[in-house]
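Chains as they are written, first to last, in my numbering: chain A, 1 to 359; chain B, 360 to 718.
Treat the hints as calculated values from the structure; they're not laboratory data. For each residue, glycine too, the CB sits at the ideal point set by N, CA and C. Check each hint, because a few of them may be wrong.
Quick list of the computed label-pair ranges, beta carbon to beta carbon [stated by the list, open to error]: (1) A:E174 to B:P501: 51 to 59 Å; (2) B:D697 to A:R16: 38 to 46 Å; (3) B:D428 to A:P311: 55 to 63 Å; (4) A:A76 to B:G713: 51 to 59 Å; (5) B:G590 to A:W355: 56 to 64 Å; (6) B:I376 to A:P40: 49 to 57 Å.
Cross-link-like lysine-lysine pairs, in silico, DSSO-like; alpha carbons within 27 Å at most [what the hints assert, rightly or not]: (7) A:K297 to B:K598; (8) A:K297 to B:K704; (9) B:K704 to A:K351.
2 protein chains.
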Amino acid sequence: MAGGHGTRFWPRSRRRIPKQLLSITGKHTLLQETVRRLLPLFSWRRVLIVTNREHAPEVRRQLPRLPADHILIEPAGRNTAPCIALAAEWVALRAPAALMVVVPADHMIKDVQRFRRTVTSACRLAAAKDCLVTLGVQPTRPETGYGYIERGDAIRGGAASPAHAASWVRRFHEKPSARVAARYLSSRRYLWNSGMFVWKTNVFQEALKLCLPHVHRALAGVWRSDRAVAGRLRRIYAKLPSTSVDVGVMQPITAMHAPAPRLAVVPADFDWNDVGSWIALPEICGCDATGNATVGKLLSIDAHDSIVYAPERLVALVGVGDVIVVDSADALLICARDRAQDVRKVTHLLKERGWHRYL
Amino acid sequence: MAGGHGTRFWPRSRRRIPKQLLSITGKHTLLQETVRRLLPLFSWRRVLIVTNREHAPEVRRQLPRLPADHILIEPAGRNTAPCIALAAEWVALRAPAALMVVVPADHMIKDVQRFRRTVTSACRLAAAKDCLVTLGVQPTRPETGYGYIERGDAIRGGAASPAHAASWVRRFHEKPSARVAARYLSSRRYLWNSGMFVWKTNVFQEALKLCLPHVHRALAGVWRSDRAVAGRLRRIYAKLPSTSVDVGVMQPITAMHAPAPRLAVVPADFDWNDVGSWIALPEICGCDATGNATVGKLLSIDAHDSIVYAPERLVALVGVGDVIVVDSADALLICARDRAQDVRKVTHLLKERGWHRYL
Chain A
1 MAGGHGTRFW PRSRRRIPKQ LLSITGKHTL LQETVRRLLP LFSWRRVLIV
51 TNREHAPEVR RQLPRLPADH ILIEPAGRNT APCIALAAEW VALRAPAALM
101 VVVPADHMIK DVQRFRRTVT SACRLAAAKD CLVTLGVQPT RPETGYGYIE
151 RGDAIRGGAA SPAHAASWVR RFHEKPSARV AARYLSSRRY LWNSGMFVWK
201 TNVFQEALKL CLPHVHRALA GVWRSDRAVA GRLRRIYAKL PSTSVDVGVM
251 QPITAMHAPA PRLAVVPADF DWNDVGSWIA LPEICGCDAT GNATVGKLLS
301 IDAHDSIVYA PERLVALVGV GDVIVVDSAD ALLICARDRA QDVRKVTHLL
351 KERGWHRYL
Chain B
360 MAGGHGTRFW PRSRRRIPKQ LLSITGKHTL LQETVRRLLP LFSWRRVLIV
410 TNREHAPEVR RQLPRLPADH ILIEPAGRNT APCIALAAEW VALRAPAALM
460 VVVPADHMIK DVQRFRRTVT SACRLAAAKD CLVTLGVQPT RPETGYGYIE
510 RGDAIRGGAA SPAHAASWVR RFHEKPSARV AARYLSSRRY LWNSGMFVWK
560 TNVFQEALKL CLPHVHRALA GVWRSDRAVA GRLRRIYAKL PSTSVDVGVM
610 QPITAMHAPA PRLAVVPADF DWNDVGSWIA LPEICGCDAT GNATVGKLLS
660 IDAHDSIVYA PERLVALVGV GDVIVVDSAD ALLICARDRA QDVRKVTHLL
710 KERGWHRYL
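Here chain A stands alone, though its shape is the one from the complex (with noise of 0.2 Å):
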């Protein structure tokens, strides 16, 4: 899933690069990172990426390997659930039972091997057990800025080994208070949701078919024939409701009862971060002394807890806590560490200014 616009990260993100087609840290972008670390365990004409129509040059560049027909665009971003029942569709055509890894582009995981390791296990699952499986990550902090996944029983003779030990999910729970987070915390019964699924094409189509009748049906058989399939695609899209696959159907399935398909999770034990806002880079590239992160090359007087990125300048910080620098070419953010989130902002007054070059 490529096809995120990411204005949290403004400057850097652009109408043209968002988040996912860029490079945070390493010489890889966010996207090809992604690829990378799944890649031993299929191969190129296994990959599939779903963009929109403003990106895809771009994901075809990042990605020169991937075969021609293997990006699907969406006509327009109608969150996570059309888009996987989009692809669902794509493989259904050409194996209907094929098991599908479904991640987001634009996450962080540097823990490559523990990652494929915990996919394997996921992978098994589904297969073994005709369920959905979704990839829990072990909480570090009572972070109420995430999804949480509330375990219930163990999966008897899921888990290729004790750290992937699955269980059935009981519950799906939305942003919790900082209180709620605390408590989750400590109970040790609920993980993260990652946004990263494991099932058969079938059984997800079967839970879509459940849960969101009317997107299976928009978008059941519409890859059948190539014929003006963007047209098409435009006008089932113009209808189709903005559903993530967490609200749509994860959490209603776990209310169901047989015979629908049932949601298991399979506990991540790699570090993961989403990315979710400049405030990850600590997390991802770690802090001096003093507490700052930089990326680029800072030269701080009394400066602390600062977040710097800025590869391409010299990045001078004299009596400054908490703040968060970003460059870039043609301009330039300063913003108070705990106003992260509204970097998105700037673009909406960048809009309405009609200053559009810095969009």
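Please arrange chain B on chain A, whose structure you already have, making use of the hints.
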């Protein structure tokens, strides 16, 4: 006087382009503005610039109409007393009693008409009374960063207009405490020391001979022979103390009795800014309703009381206040507003780290 280094204006000021050779708000540099301010009072043939070897080519570039030999090069910086003494020697060789108007090249004065009228008054006074004349700026706030001039008896018949009612100077006072500065402000007997002077060359040389005889002796006749003056100056300057004309000449002269030349002050009724640090920007270019002073394009979301100098790049401030942001091609400064004086530490640290390209 155009020899300063202005490390407090980093990253705009650099080793090769110090403050006086920069344009801060307009299309002209501070040096060019300084000359343009004075020019209607006399011709290019009466302009003399003292600078150093490093900056001389840029001075020449910025003032193409200046006669080639009207740039005096000091081999080292020794503060204002040797600088003025060197220029006085040069003038004395051509016209021993010529009036000198001595001004720093890095001050900002917007009300050019009043400036010219004040200088004209000071020239009349210096010519009529054979005294040293300093321009004293009427304080508008209890500033602790300036020296103060305490006025004594009024000078009868010395002023061209009541606005320029001159006085003899009772005393020079160094930078005061906040409490003392408040007292100075309310008493109205004190004026800011602007560092601008007017006198007949021979009168200044007489004062120099009395107050800094070694400086006078060292430089006496230095311009008589053209042969190897650079080498001679280097040897002389190596032994000269670093002394300001304020501390070295003006302060002691007020304590002397006849036949020493007396020191007078003409009150300046124009706006005046010594552009001592980035803090000067709001005074020069004004503020918006939330207290932000900007040169360039600013997008503010709940930002306040900040100073932004970024003529070539858009700056977005989100939720920050009281910061100074200065952009340049290869380096960026973000400084707490109350730490503006510490910007010079950046250049020290750059030297220490060997990052010479940013100096």
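Here is how each hint holds up against the structure:
Checked against the hint of 51 to 59 Å, the C-beta distance between A:E174 and B:P501 comes to roughly 56 Å, which is consistent with it. Look at B:D697 against A:R16: about 40 Å separates their beta carbons, and that is inside 38 to 46 Å. The hinted window of 55 to 63 Å between B:D428 and A:P311 is violated, with their beta carbons roughly 48 Å apart. Under the hint 51 to 59 Å, the C-beta atoms of A:A76 and B:G713, about 53 Å apart, fit the expected range.
Checked against the hint of 56 to 64 Å, the pair B:G590 and A:W355 passes, with Cβ atoms roughly 57 Å apart. Hint check: B:I376 to A:P40, Cβ distance near 54 Å, so the stated range 49 to 57 Å holds. Using a Cα cut-off of 27 Å, the hinted pair A:K297 and B:K598 is violated, with the two alpha carbons roughly 40 Å apart. Distance check on the hinted pair: A:K297 and B:K704 sit about 17 Å apart at the alpha-carbon level, within 27 Å; holds.
Using a Cα cut-off of 27 Å, the hinted pair B:K704 and A:K351 is violated, with the two alpha carbons roughly 39 Å apart.
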